[in-house]
Structures are given as structure tokens and as C-alpha cells.
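Student: Sequence:
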Amino acid sequence: MTEAAAALAQWGKWLNDSGSWRGITPSIEGRYANDPERYRFAEDKDTARRRGEVRYNPLIAGQVERVVNQLAQGERAVLRARHVHYPHLADEDIARRLAMSAKAFDGALLQATVRFGRAWRLLHQEAA
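Residues in the sequence shown are numbered from 1319 upward in steps of one, following our numbering.
The set of hints was computed from the structure by calculation and includes no laboratory data.
Don't take each hint at face value.
Cβ-Cβ distance ranges computed for the label pairs, FRET-style [unchecked claim]:
1) A1390 to R1439: 15 to 21 Å
2) A1395 to D1335: 17 to 23 Å
3) E1444 to A1408: 33 to 39 Å
4) S1419 to R1398: 15 to 21 Å
5) D1335 to E1410: 25 to 31 Å
6) S1419 to L1377: 24 to 30 Å
7) R1414 to P1376: 31 to 37 Å
8) E1383 to H1406: 16 to 22 Å
9) E1321 to V1402: 17 to 23 Å
10) L1428 to R1384: 32 to 38 Å
11) R1415 to Q1443: 34 to 40 Å
Ideal Cβ positions, reconstructed from N, Cα and C, are used throughout, including at glycine.
Use the sequences and the hints to build the structure in full.
Tutor: As C-alpha cells, this is what we get:
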């Protein structure tokens, strides 16, 4: 089982992906440009990260999306702001963008994360 925090991180990466989750059909030029084999060279075998590698599991991200959509609207907004829209910003800056105080944002984020964690564990206990 993936931990709740790791699942939320994968969910954020999945939603920020530029098209694979939307089901769009890329043009033939896009397929050629995005072909990972095009960017693999013999001298790059020892590099850890290559262009075109998937950084998340779409199945886990889809499960997270379903769990997040079951939360209250405010909790969804806080989780989306933290993990999807502004993952690179500090909590105080995200709170300002959501027109909340930093203290209120911290409390809402903690509450949303705890509720998500409980729902995530419950989902995986039922599956086991």
C-alpha cells in the first residue's frame, strides 16, 4: 500500500501532467517528439532520470482523485492548492492566494490531510 502522503504527491504530479490523463489524441509530430527512445543515448545509460519517464502511477493517482472528490469542498480546495496548483509555494503564500490566514490554512490543511489519510487507509483495508 502506498502511504497517503506519497499518494497525494503522485496525484499532484498526475494532475500537472500536460495531457496523458485527459485522454487527448496527440498529433503524429507530437508522438515523434515525445518518443522516449528518441532521447536515449548510449552515453546516458548511467543517468538516473531521463526525459519521458513516468514519475507517478496513474492508477494510484486516479484512486486519490476519487477519494479527494468525496471530501468536503473546502478540504478539496486546500488539498488541490497545496499539491496541484501551488506545490512550489510556502504555506503562507498559498493561504494568501486562497484569501485565508496562515493559521486557518494550516488548520484546514491538517484537517484535510488527516481525513484523506483515514479515507485512504479505509479504502485499502477494504481492498485487502
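Student: Each hint: holds or not?
Tutor: Structure-based check of each hint:
Here the CB-CB span from A1390 to R1439 is close to 18 Å, well matched to the stated 15 to 21 Å. Under the hint 17 to 23 Å, the C-beta atoms of A1395 and D1335, about 21 Å apart, fit the expected range. Range check, E1444 to A1408: about 36 Å between beta-carbon atoms, so the 33 to 39 Å window is met. Between S1419 and R1398 the CB atoms are about 19 Å apart, so this pair conforms to the stated range of 15 to 21 Å.
Between D1335 and E1410 the CB atoms are about 27 Å apart, so this pair conforms to the stated range of 25 to 31 Å. The given range of 24 to 30 Å is broken by S1419 and L1377, whose C-beta atoms sit roughly 37 Å from each other. For R1414 and P1376, the Cβ-Cβ distance of about 32 Å falls inside the hinted range of 31 to 37 Å, so the restraint holds. For the hinted restraint 16 to 22 Å between E1383 and H1406, the CB-CB distance of approximately 21 Å keeps it satisfied.
Separation of E1321 from V1402 is about 18 Å and conforms to the stated range, judged on CB atoms against 17 to 23 Å. The hint said 32 to 38 Å for the Cβ distance between L1428 and R1384, and at roughly 22 Å that hint is violated. In this structure, R1415 and Q1443 meet the distance hint of 34 to 40 Å, their C-beta atoms being roughly 35 Å apart.
In summary, the numbered hints that this structure violates are 6, 10.
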